[in-house]
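> Residue numbers (my numbering), protein chains in the order written: chain U, 2 to 287; chain B, 4 to 308.
These are computed hints drawn from the structure, not numbers from a lab.
Ideal Cβ positions, reconstructed from N, Cα and C, are used throughout, including at glycine.
Keep in mind that a hint or two might mislead.
Just some of the chain B residues that point at chain U, by a computed CB distance under 8 Å [said to hold, decoys possible]:
1. D23
2. L51
3. D78
4. F119
5. P126
6. T181
Covered, in the sense of this in silico footprint (three residues per stretch, anywhere, with C-beta under 8 Å from a C-beta of chain B), are these stretches of chain U [to be verified]:
7. 28-36
8. 40-47
9. 162-173
Taking CB as the label site, the calculated pair distances span [what the hints assert, rightly or not]:
10. B:S200 to U:T250: 35 to 45 Å
11. B:G115 to U:D232: 40 to 50 Å
12. B:V39 to U:E55: 50 to 60 Å
13. B:F73 to U:I98: 36 to 46 Å
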Amino acid sequence: MAGMALMEFLNRSAQRRLQGAPFYFLLILATVITLVPIIWVFASALKSNKEIRESPLALPGEWRFQNYIDAWFGASFDAYFFNSIFITVTSVGLVLILSSLAAYSFAKMRFRGNQLLFFIFLFGMAFPLSAKLGPLLSLMYELNLANSRFGLILVYVAGSLPFAILMLRAFFQGFPQELEDSAALDGCSRFQFYLRILLPLSKPSLMALGIFVFMGTWNEFFQALLLINEDAKRTLPLGLTAFQDEYFTDFALSFAGINITAVPVIIVYIMFQRNLIEGITVGSLK
Amino acid sequence: MAHSLSAPRKRAVGPRFRIDLMPYLFILPAVIIYVVFNLGPVLASFFLSFFRWDLLTPTTEFTGLKHYNFILNDDRFWNALSHNFIFLGLAVVIPVSMGLFLAVFIYEIRRGRVFFRAALFLPAIFSGVVIAYVWKWIYHPFAGVLNPTLELIGLGAFTQSWLGNPKIALYSTFIAYTWASFGYSMVIFLAGLQDISTDIFDAARVDGANFRQKLFHITIPCLYDVFTFVITLRIFTAMGVFGVIYILTGGGPFYASDVIDIYVFRMIGNFEMGWATAAATVNTVVVVFISTGFIKWREWRSWSS
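One chain only, chain B, in its complex shape:
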């Protein structure tokens, strides 16, 4: 009797202890593709940087820090990384402040908001390849438009070989990068502005605050978290810039505009996989360190004030 009574109860309790497979089945296809074609290669890049590579195939021969020793003593590596840092320093200031001001201007007007937002964002929709070719022709020594324009407005003294001069090639590529990236900062700032309660701006207007006071005492403090996001985005794109420079200068002339991703790409092309993975790992450490350090610093600052 007791046996037959307990049996159905056990069955009723049973399913609670069985593992529910549905949640895992929903995730499984995404996990497989993500791990095989994204996370796996990232982790492999780290581990395999300690092994000898035979063309494309890693061997079991452990080489320790040999690849790192080469990379960290390679002037070209530091040269490329320093250019990423120049890009980073400029990128967190120029496209970000352009985006902020344009967003504020659009926010201040009544009619035509959608038009200006759409028109100013336009360059940001293109592939780095299209952006690079547009600027390659702007800078072109014979067919280009920049030098003739400078002559036309009386700045003929500034005409030069924009991509051929090693002193300015990197900055010429930065202009193309800026043209295509301030739009991102702008639309994100604008969305952030529209999230701020209009009561604050109304109150400021009643108190007779001028444009500058509103900007520094309301807009910028209210956009604190948006700033953190926009600048983090710039950190990633500046440290990972590739297409625009690859096409405009190929990293030249004489490595004057070389950056890490072009350096890694060149190593892979030469089947120097050990050096490529070691360089990529160092770069990853630098990027993760800068981005998480920056985010933590922003969190700490907002918490402590």
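Next up, chain U with everything else stripped away, as it sits in the complex:
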């Protein structure tokens, strides 16, 4: 009897494993096709120009890390890195502070115009980016904020606020009212409640939102291209275009330049993969 049951069990688990096999096959195939371009760019960055031209499919004969050093010093990558880090970190910080304050108010406070003001924020998500570019450029010149890192931060924060407020409002609405009531009984003001209770309890959501905004801001290109025209103020995506324009005949250096721009994003992704995907999906399913 026991033997029969064991046979049955093995049979079924083998069947189940076999049932999964086509899915594994297709997933592995898809993963290889998806990752080959990235692997190829990384491999090419270690080759010599001659190798790239003569055998583009081969692996590097000898790993030339010198390409990275040459690429780094071939353009102001240190400045691009500093600008990208400064602009992105400041933008993310501002978005988290401003959107959590506003979302708390929208989710938990009663006041005239709550619905209307929230709708005005939602309104901003319906427009394509190009809908604001002309007046934005002249506004930035008018305010002396064109070609300025600070100006770019303000534009990025303004662009991220609608989604951030939408997401945090939905999250804060899930908080039980009793929590706020008992805090109020203990003499906790609404700002103290926000600072000491709401924010600490919302850490996972703030992380997900923060990483999501981080990626969007770090990768942004269109508005930076429009508003920044000084090499020392370029962000990484802008800097990469300048670098590629200058070294388009030096294949190995071009590949290394792509990787210098891509590696930080890959590192952040590996560290915060779950938070990022949560930021994308939580916003979409509510």
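We have chain U; now place chain B onto it with these hints.
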């Protein structure tokens, strides 16, 4: 006596009629930045498209529909918009169905879900600039990898100038776009799948439903709202595609891969602000019309069935 009695009562009632400023103070900083640097320019773009612009500065000279008259009679404008429509038509089918199938495959397996999800999403984390340069080198006539690969697998007849041929340049940029966007559809579908009660799938298995039956009779109907969201997202990205095309072809060769955002950007670069804002306004109307029309249609369909 009556006076002194009523006074404290009045005070107790008073605060209820005073406007509570706290909610507004919490919102104020966000509103200021949002209105000045986002909503304001959007509305200004609409109103100022009816005025003459002197380089960057709008004048008070009302020009009525003059800019619109120019834009709507400009072949380049329609050329660019038609390319956005081609992108849109392809984008709502190809990356969306790729994302759906990959999500279903990941859902069906037991081990390695997190790995496959993370690996397949990887291209979606990059800037459009990085994506464009990766593909620019894949397509490159001397250093590229696509043509040699085709020759290697016996498809040498298909080798060509992927970005230089006006007939296919747009589609070459679409491949780069797809590479970077199917991951979004995939993770959203996967999250949607994990929200479906496993009881339904268990019941289907007991009834002996096969993969295709499960897909068409359970998965796709259950993901109705997720589909609406994923496709809406594609509408916005396809109508607003910029970085990938700007770097791969610049809209060329001979405007063969031009799209609206590149058209608007070129107008701004030439300080043709009147035309730029008019074109942007027409594009906005088209995008809002398509996206809200699509969402309403989906709501109506789910309500009526």
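> Quick one: are B:V39 and U:E55 within 50 to 60 Å, going by C-beta?
Holds, since B:V39 and U:E55 (Cβ atoms, about 55 Å apart) stay within the stated range.
> Closer than 8 Å, Cβ to Cβ, for at least three residues: run that test on the region 162-173 of chain U against chain B and report holds or violated.
Since 3 is at least three, the answer is holds.
> Taking the least C-beta to C-beta distance, is B:P126 closer than 8 Å to chain U?
Check passed: Cβ of B:P126 comes within 6 Å of chain U, closer than 8 Å.
> Please verify that hint: B:F119, Cβ, nearest Cβ of chain U, below 8 Å or not.
With Cβ-Cβ at 5 Å, under 8 Å, it holds.
> Please test the hint of 40 to 50 Å on the beta carbon pair from B:G115 and U:D232.
45 Å, holds
> Under 8 Å, Cβ to Cβ, is where B:L51 needs to be relative to chain U, so tell me if that hint holds or is violated.
6 Å, holds
> Is the hint on B:T181 kept, meaning its closest Cβ partner in chain U is under 8 Å away?
The hint is violated - B:T181 has no Cβ within 8 Å of chain U, the shortest such distance being about 11 Å.
> Double-check B:D78 for me: the hint is only fine if its C-beta lies closer than 8 Å to a C-beta in chain U.
19 Å, violated
> Between B:S200 and U:T250, does the beta-carbon spacing fit 35 to 45 Å?
59 Å, violated
> Within the region 40-47 of chain U, is the number of residues with a Cβ closer than 8 Å to a Cβ of chain B three or more?
Three-residue rule met by the region 40-47 of chain U, so holds; n is 3.
> Double-check B:D23 for me: the hint is only fine if its C-beta lies closer than 8 Å to a C-beta in chain U.
6 Å, holds
> Cut-off 8 Å, C-beta pairs, minimum 3 residues; does the coverage of the region 28-36 of chain U by chain B stand?
holds (count 5)
The structure does not agree with the numbered hints 3, 6 and 10 stated previously, though it agrees with the rest.
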